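K.L.:
The lines below spell out each chain.
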Amino acid sequence: MLRFAVRRLLGAIAVLFAISVLVFLIFNVVPATNPAQRIAGKNATPQLIKNVEKEWGFDKSLPEQYWTQMKLIFTGEATSYSLAHINIDERILEGIPVTASLCIGAAIIWLAFGILLGYISAMNAGGLVDRFVTVIALIGISMPVFWLASIFLYYLTYKVELFPASGYEPLSNPGKWASHLILPWISLAVLFAGFYSRVLRSSMLDVMNEDYVRTARAKGLSQRRVTVRHVLRNSLIPIVTLFGLDFGVLIGGGAIITESLFNLEGVGYFTAEALGQQDFPSIMAVTIFGAFFIVLFNTFVDIAYAYLDPRIRLGTSAV
Amino acid sequence: MSAATEAAPAQPGAGGGPLLAVENLRVGFATEDGRVQAVDGVSFELEPGEVLAIVGESGSGKSVTAQTVIGLTRSPNSHIEGSVRLSGEELTTQSESQLQKVRGSQIAMIFQDPMTSLNPVYTVGKQIVEAIRAHDSSIGKKAAHARAAELLGAVGIADSERRVDDYPHEFSGGMRQRAMIAMGLALEPSVLIADEPTTALDVTIQAQILHLIQDLNRSRGLATILITHDLGVVAEVADRVLVMYAGKVVEQGTLDDIFYDPQHPYTWGLLGSLTRLDQPRPHRLPQISGSPPSLLRLPKGCAFRPRCPHEFAKCKEVPGLEARLPADPNHCDRCWLEPEQKARLREIEGRIGLEEPA
Chain H
1 MLRFAVRRLL GAIAVLFAIS VLVFLIFNVV PATNPAQRIA GKNATPQLIK
51 NVEKEWGFDK SLPEQYWTQM KLIFTGEATS YSLAHINIDE RILEGIPVTA
101 SLCIGAAIIW LAFGILLGYI SAMNAGGLVD RFVTVIALIG ISMPVFWLAS
151 IFLYYLTYKV ELFPASGYEP LSNPGKWASH LILPWISLAV LFAGFYSRVL
201 RSSMLDVMNE DYVRTARAKG LSQRRVTVRH VLRNSLIPIV TLFGLDFGVL
251 IGGGAIITES LFNLEGVGYF TAEALGQQDF PSIMAVTIFG AFFIVLFNTF
301 VDIAYAYLDP RIRLGTSAV
Chain U
1 MSAATEAAPA QPGAGGGPLL AVENLRVGFA TEDGRVQAVD GVSFELEPGE
51 VLAIVGESGS GKSVTAQTVI GLTRSPNSHI EGSVRLSGEE LTTQSESQLQ
101 KVRGSQIAMI FQDPMTSLNP VYTVGKQIVE AIRAHDSSIG KKAAHARAAE
151 LLGAVGIADS ERRVDDYPHE FSGGMRQRAM IAMGLALEPS VLIADEPTTA
201 LDVTIQAQIL HLIQDLNRSR GLATILITHD LGVVAEVADR VLVMYAGKVV
251 EQGTLDDIFY DPQHPYTWGL LGSLTRLDQP RPHRLPQISG SPPSLLRLPK
301 GCAFRPRCPH EFAKCKEVPG LEARLPADPN HCDRCWLEPE QKARLREIEG
351 RIGLEEPA
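Protein chains in written order, with the working numbering: chain H, 1 to 319; chain U, 1 to 358.
Among the hints, a few may not be true.
[Claimed, not checked] Here are the computed lysine to aspartate or glutamate pairs in the EDC-like style, where the Cα-Cα straight-line distance is at most 20 Å:
| hint | chain 1 | residue 1 | chain 2 | residue 2 |
| --- | --- | --- | --- | --- |
| 1 | H | 42 | H | 64 |
| 2 | U | 101 | U | 113 |
| 3 | U | 126 | H | 309 |
| 4 | U | 126 | H | 211 |
| 5 | U | 126 | H | 210 |
| 6 | U | 101 | U | 165 |
| 7 | H | 71 | H | 59 |
Derived from the structure by calculation, the hints contain no laboratory data. It should be emphasised that the depicted structure is a prediction, and the values quoted were computed from it without experimental measurement.
The whole structure should be built from the sequences, with the hints applied where relevant.
P.N.:
Right under this line is the structure:
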């Protein structure tokens, strides 16, 4: 099990390296314009452009450029010229608690409702309850986040002042923290909950036809035990896959719309800012940051797989 | 778990009747194309210590019959009629939760494919423990685990103390089927239903598993229903045989009746398609021409009529399952031919077989 985890982690590091190279090439080599000029911003003086060229290594060979830029980003020395000379890494680090609060809360909601609805749906497959849950799930999947968030903001914070309008409150005041996050949580969770319930439903219906479920029934287990211990347990594997990807994307700055609409100054919010200003160093840093979380959570998923399905633990050594 | 609060189940064989009595069992499934009558009026009795083989092609209803005995075919789409009595107690009318107490503890079942019949995510021991504790939650986890190891040892798994904590994928096919049998035996049931237990195994392992079932049958008096399409398996272990075709029993009798004096042309066909090592090998193994009828559109009269070379006018009427040999009231079949005709027609090149259609 440990060897498996170590092997997976080494793989993840290799993938991250490849991603950083790819991102570097996309941002520095592919565009036809002078990258230093873009980094320096719109009204840059020739002197500033020269400084940027030196700082980001554009006067050197490509491998050296890569090395210089990664060093800037990973040592926390990269400064944004377009965004009021902020330190990019500090800005991302400040955003992490906000983004994490949003994503973890939303993830708990969407997993709970996704699994609950999927379970109910599968247990009543073809019946009225199933159809009702299906309609609810499809409505959830079909509602765009920006629309749902706007509706929430308009009706629940402006018309009826049930929740505070926007912004983030630190966790040191949990009540305030939660009241500021509850609408963003729900806005973000609805889509995923609907989607996960559909995936779990079909996965459970597949597993119900497995021979080992028949064995479980034949040995006299209660219906509940059969569905929870044998059907649900084995149906969770696709959910784990999806969750690893989705959660990695969001915590890596993917919740751009939700964070922007609710004025939560997290990583997604910063991504939106950087994109708006076409601030390449920031976009590059955020992209690598996001990729890091996607790869990290995929690694967690692989390790979780090995726990959920013991056949995977052997990995390649079994062949 | 409320098992402890329920009344003790009836003792096997109590009341003098047969251990298991199935009477006129009919199982139908609603499908999009109409109702499929998978089992149509099957009756049999099983005594303690007896091995009853149910033989037939795929789709003949043998597995559905067996699964219906323990209520595994119950679903909104299925329609079950007739009666299944275990020690005189009717099972078809029992609630799902009542049946749960019968499954595993009084009637155990093992299935065709041991590769897929064990849950891949739990250890073999855990799955046996689960079966034990489902019926008696007073047994501690440790005790149940020790019992699981002991059971694995009893079905011939070497080093069972260690192997009990292995996952199913770490077992070979034969070992998995042994583990399934161990799980079935965990609560000392009086009836074991083995649904093609050797079909997915290779030949040497088949023989081992059959001998294991036979041993258990003899040493524990375990009444066994053996479902198979392999007459070689039947010859090895069965006491009595039911031959099924298109949901109906077409012939029933003792092992000797079926092998040495078969009355139904379908049985002849099955026997004729066996490879015999004690006789010269024919160029090509004979087969029964055609394929089993669709259960949605059964032919009028005898269901075997379209494939039978000996068909005559009377076959348009459904033959009843009757004893047609005056000397043997327990040997029944569904064929209109006269016993003398049968004795003549089934001889093909010195052995029993079904004539090729002209």
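K.L.:
Now, for every hint given, state plainly whether the structure supports it.
P.N.:
Checked hints:
Taken as a hint, the residue 42 of chain H and residue 64 of chain H pair is broken in the structure, with Cα atoms around 26 Å apart against an allowance of 20 Å. Restraint check: the Cα-Cα separation between residue 101 of chain U and residue 113 of chain U comes to about 24 Å, which exceeds 20 Å; the hinted pair is violated. At roughly 15 Å between alpha-carbon atoms, residue 126 of chain U and residue 309 of chain H fall within 20 Å of each other, so this suggested pair holds. With a C-alpha separation of about 17 Å, the suggested pair residue 126 of chain U and residue 211 of chain H falls inside the 20 Å cut-off, and the hint holds.
Under the criterion of a C-alpha separation no larger than 20 Å, the hint pairing residue 126 of chain U with residue 210 of chain H is consistent with the structure, at around 19 Å. For a cut-off of 20 Å, the pair hint linking residue 101 of chain U to residue 165 of chain U is broken: about 26 Å separates their Cα positions. Distance check on the hinted pair: residue 71 of chain H and residue 59 of chain H sit about 16 Å apart at the alpha-carbon level, within 20 Å; holds.
Of the numbered hints stated above, those contradicted by the structure are hints 1, 2 and 6, listed in ascending order.
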